[in-house]
Amino acid sequence: MTTTGASEAALVFSKLPALAGLDAATLEALARNAAPRHYTAGQVIYLEGEPATSLFLLESGWVKATRMSPDGREQALLFVKPMDIFGDIAVFAGTTYPGTVVALEEVKVWTLESATVLDLVARYPQLALAVIRRLAQRVLYFISLVEDLSLRSVEARLASTLLKNAEAKEGKLFVPRREWTTFDEMATRLGTVRDVLSRALHTLEEEGLLRVERHEIVLLDAEGLAKRGNSK
Amino acid sequence: MSEAHSTDDGLRSSVLQTLAEDTRTAALDLRVGVLNGVVHLGGAAPSQELWRLAETIAARVVGVRGVVNRIEAPGAPSPMRKVNIPMGDKPREER
Numbered sequence: 001m002t003t004t005g006a007s008e009a010a011l012v013f014s015k016l017p018a019l020a021g022l023d024a025a026t027l028e029a030l031a032r033n034a035a036p037r038h039y040t041a042g043q044v045i046y047l048e049g050e051p052a053t054s055l056f057l058l059e060s061g062w063v064k065a066t067r068m069s070p071d072g073r074e075q076a077l078l079f080v081k082p083m084d085i086f087g088d089i090a091v092f093a094g095t096t097y098p099g100t101v102v103a104l105e106e107v108k109v110w111t112l113e114s115a116t117v118l119d120l121v122a123r124y125p126q127l128a129l130a131v132i133r134r135l136a137q138r139v140l141y142f143i144s145l146v147e148d149l150s151l152r153s154v155e156a157r158l159a160s161t162l163l164k165n166a167e168a169k170e171g172k173l174f175v176p177r178r179e180w181t182t183f184d185e186m187a188t189r190l191g192t193v194r195d196v197l198s199r200a201l202h203t204l205e206e207e208g209l210l211r212v213e214r215h216e217i218v219l220l221d222a223e224g225l226a227k228r229g230n231s232k
Numbered sequence: 001m002s003e004a005h006s007t008d009d010g011l012r013s014s015v016l017q018t019l020a021e022d023t024r025t026a027a028l029d030l031r032v033g034v035l036n037g038v039v040h041l042g043g044a045a046p047s048q049e050l051w052r053l054a055e056t057i058a059a060r061v062v063g064v065r066g067v068v069n070r071i072e073a074p075g076a077p078s079p080m081r082k083v084n085i086p087m088g089d090k091p092r093e094e095r
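In the order they appear, the protein sequences are chains L and G.
Take the first sequence: its position 199, counted from the start at 1, is 199 in my numbering, and no numbers get skipped.
Take the second sequence: its position 35, counted from the start at 1, is 35 in my numbering, and no numbers get skipped.
Keep in mind the hints are simulated off the structure, nothing from the lab.
Idealized CB from N, CA, C, for every residue including glycine.
Mixed in with the good hints there might be a few duds.
Simulated crosslink set (EDC-like; lysine to aspartate or glutamate; CA at most 20 Å straight-line) [stated by the list, open to error]:
1. G:82 / L:184
2. G:82 / L:74
3. G:82 / L:147
4. G:82 / L:223
Only some residues are given here: those of chain G computed to face chain L with a beta carbon under 8 Å [unchecked claim]:
5. 24
6. 28
7. 33
8. 36
9. 56
10. 62
11. 63
12. 68
13. 70
14. 75
15. 80
16. 86
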């Protein structure tokens, strides 16, 4: 890694919420060992069941992680947005990657080899704490995903997912529909199929809770959606 | 290591070896992952014929329950598409 590359990496890493609070020496050690990689939309970053050779720090672009269910249906595990980390579970568990990750748009990542990550965690206690914190957040996320998929209706899952991803602009609450946010993608994310999702959206629209537009979903009644999101 | 993991490791080696033994796929440098008996293919191929061939070769390996083909090839389906595959109930028996 060149000095310029390491400085660039250190600057990016200092902005990653998962690495917040790390001192300069720890960030520098991470940055010295990181290598940049670029992917175009649709490219595979890693495959389910491949040896976990690297951990990834996502600088720009969104990626999607999916896993094949025992009956052959693709289930979305998570969508990762810029300035987050992925590939960490397999690296620390010492297993193969539990899901497939593909780039949804132009993506830039910084990769750290698994052996290097484990070595750095052993040497830098602050990094070890940051890793534990991140993995604990992942556990909480997957607990809520299991609860969602097993206990709640598609309407409830849709309502809470929309609220979690809402953005506010000029007094309006909305969820932007990115290029890759097709109905199929949204259905995969909610663990259902396109027709059922379409009906759920129509139901919530009829109830006056939201309005589906070409480039965004406008949330008209956040309180009503929150109630729907908490229902079974 | 669990039995499922060691089986998947063995299957992955078999698929990689079978792809390397076929002169048509040997030079493609395909990526292979295996989890719960399902083979996941990645990498790039120069044609749809080779895209399909790699999938067929992987599916023939004994013990493979299904193949998810995410190889990039001109005219082939996007690797990022949603994939649902027909799946055998149990891993095939060794013959």
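Taking 8 Å as the limit, does the beta-carbon of residue 70 (chain G) come near enough to a beta-carbon in chain L?
5 Å, holds
Interface hint for residue 80 (chain G), Cβ within 8 Å of any Cβ on chain L
4 Å, holds
Does residue 33 (chain G) pass the interface check with chain L, least Cβ-Cβ distance below 8 Å?
Given a least distance of 3 Å, the restraint on residue 33 (chain G) holds.
Residue 28 (chain G) as an interface hint toward chain L, with CB separation required under 8 Å:
The hint is violated - residue 28 (chain G) has no Cβ within 8 Å of chain L, the shortest such distance being about 14 Å.
Checking one constraint from the list: CA of residue 82 (chain G) to CA of residue 184 (chain L), max 20 Å. Satisfied?
7 Å, holds
For the hint on residue 62 (chain G), does the least C-beta distance to chain L fall short of 8 Å?
Check failed: Cβ of residue 62 (chain G) comes no nearer than 17 Å to chain L, outside 8 Å.
Quick one, is the residue 75 (chain G) hint okay against chain L at 8 Å, beta carbons?
14 Å, violated
The hint names residue 63 (chain G) as touching chain L; please verify it with the least Cβ-Cβ distance against 8 Å.
13 Å, violated
Minimum Cβ distance from residue 86 (chain G) to chain L below 8 Å?
Because about 6 Å separates residue 86 (chain G) from the closest Cβ in chain L, which is inside the 8 Å limit, the hint holds.
Would you mind confirming whether the straight-line C-alpha gap from residue 82 (chain G) to residue 223 (chain L) stays at or under 20 Å?
Violated - the C-alpha atoms of residue 223 (chain L) and residue 82 (chain G) are around 33 Å apart, more than 20 Å.
Given a cut of 8 Å on the nearest C-beta pair, is the interface hint for residue 68 (chain G) held or broken against chain L?
It holds, given that the least Cβ distance between residue 68 (chain G) and chain L is near 6 Å, below 8 Å.
Does residue 24 (chain G) hold up as a contact with chain L if the rule is Cβ-Cβ below 8 Å?
21 Å, violated
Violation of the numbered hints given earlier is confined to hints 3, 4, 5, 6, 9, 10, 11 and 14; the remaining hints are satisfied by the structure.
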